[in-house]
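Engineer: Sequence:
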Amino acid sequence: MGYSLTEGQFEAPAESAVVDGLSAGLGVTLPKDYTDFLKEHNGGEGFIGDSYIIFFKAEELANFNREYQVEKYAPGILLFASNGGGEAYGFDTDDVEMPIVRIPFIVMEWQSAETIARDLAGLFARLEDWK
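Every number in the numbering used here is 214 more than the matching position in the sequence shown, counting from 1.
One should not assume that every hint holds.
To be verified - With a Cα cut of at most 25 Å, we get these calculated DMTMM-like pairs of lysine to aspartate or glutamate:
1) K246 / D309
2) K271 / E285
3) K246 / E301
4) K246 / E229
5) K286 / D264
6) K271 / E323
7) K271 / E225
8) K246 / E259
9) K253 / D333
10) K286 / E342
11) K246 / E285
12) K286 / E328
13) K253 / E274
14) K271 / D250
15) K286 / E221
16) K253 / E311
17) K271 / E281
18) K253 / E323
19) K271 / D309
20) K286 / D250
21) K253 / E221
22) K286 / D306
23) K286 / E254
24) K286 / E229
25) K286 / E225
What the hints assert, rightly or not - With beta-carbon atoms standing in for the labels, derived distance ranges:
26) G300 / T329: 12 to 22 Å
27) G298 / D343: 10 to 20 Å
28) E274 / D247: 29 to 39 Å
Just so you know, these hints were derived from the structure itself, not from any lab. In this text, a Cβ means the ideal position worked out from N, Cα and C, and glycines have one as well.
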């Protein structure tokens, strides 16, 4: 699947060894569409439709989730992107299908997470449609 930004740019591909080691390092098996995405675009930022998004680099995932104490405040969520404002996007790792949720940074708690897409393609489609 090809992913594109309306405006902005993706980074160069992540090294395969880095991506392949992510699941072990994070303690969760990442969705294949996401690891494939990282092997094409190791992060990046810009607009999808009118929605701004910042994808974190593979090397930053563990630190980012640790810094925001995600495991403490919203266990079972693995953040991988942000809207550059008050919200983050993450995978619901407690669900075998690992849907994508949107969660506020300010009141980061599981109850605030909203499932918005089944996969990365769904996230792109959803952001494209949001006004």
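Engineer: Please go over all the hints and tell whether each is borne out by the structure.
Structural biologist: Now the hints, each set against the structure:
1. K246 / D309: holds (15 Å)
2. K271 / E285: With Cα atoms ~19 Å apart, K271 and E285 stay inside 25 Å; holds.
3. K246 / E301: Distance ~24 Å between K246 and E301 Cα, so the pair holds.
4. K246 / E229: holds (15 Å)
5. K286 / D264: violated (32 Å)
6. K271 / E323: holds (24 Å)
7. K271 / E225: holds (8 Å)
8. K246 / E259: holds (21 Å)
9. K253 / D333: holds (16 Å)
10. K286 / E342: Judged against 25 Å, a Cα distance of about 32 Å means the pair is violated.
11. K246 / E285: Holds, at about 22 Å.
12. K286 / E328: OK: K286 and E328 at ~18 Å, within 25 Å.
13. K253 / E274: holds (15 Å)
14. K271 / D250: holds (13 Å)
15. K286 / E221: violated (35 Å)
16. K253 / E311: Roughly 21 Å between the alpha carbons, so the hint for K253 and E311 holds.
17. K271 / E281: Given pair K271, E281 holds - Cα atoms ~15 Å apart, limit 25 Å.
18. K253 / E323: Roughly 30 Å separates the two Cα atoms, so the pair is violated.
19. K271 / D309: OK: K271 and D309 at ~23 Å, within 25 Å.
20. K286 / D250: Given that 25 Å is the threshold and the Cα spacing comes to 28 Å, the pair is violated.
21. K253 / E221: holds (21 Å)
22. K286 / D306: holds (15 Å)
23. K286 / E254: At roughly 31 Å apart (the allowed maximum being 25 Å), E254 and K286 break the hint.
24. K286 / E229: Answer violated: K286 to E229 is near 30 Å, above 25 Å.
25. K286 / E225: Between K286 and E225 the Cα gap is close to 30 Å, so the pair fails against 25 Å, i.e. violated.
26. G300 / T329: 12 to 22 Å: holds (18 Å)
27. G298 / D343: 10 to 20 Å: holds (19 Å)
28. E274 / D247: 29 to 39 Å: Once the Cβ atoms are compared, 19 Å apart, the range 29 to 39 Å for D247 and E274 is violated.
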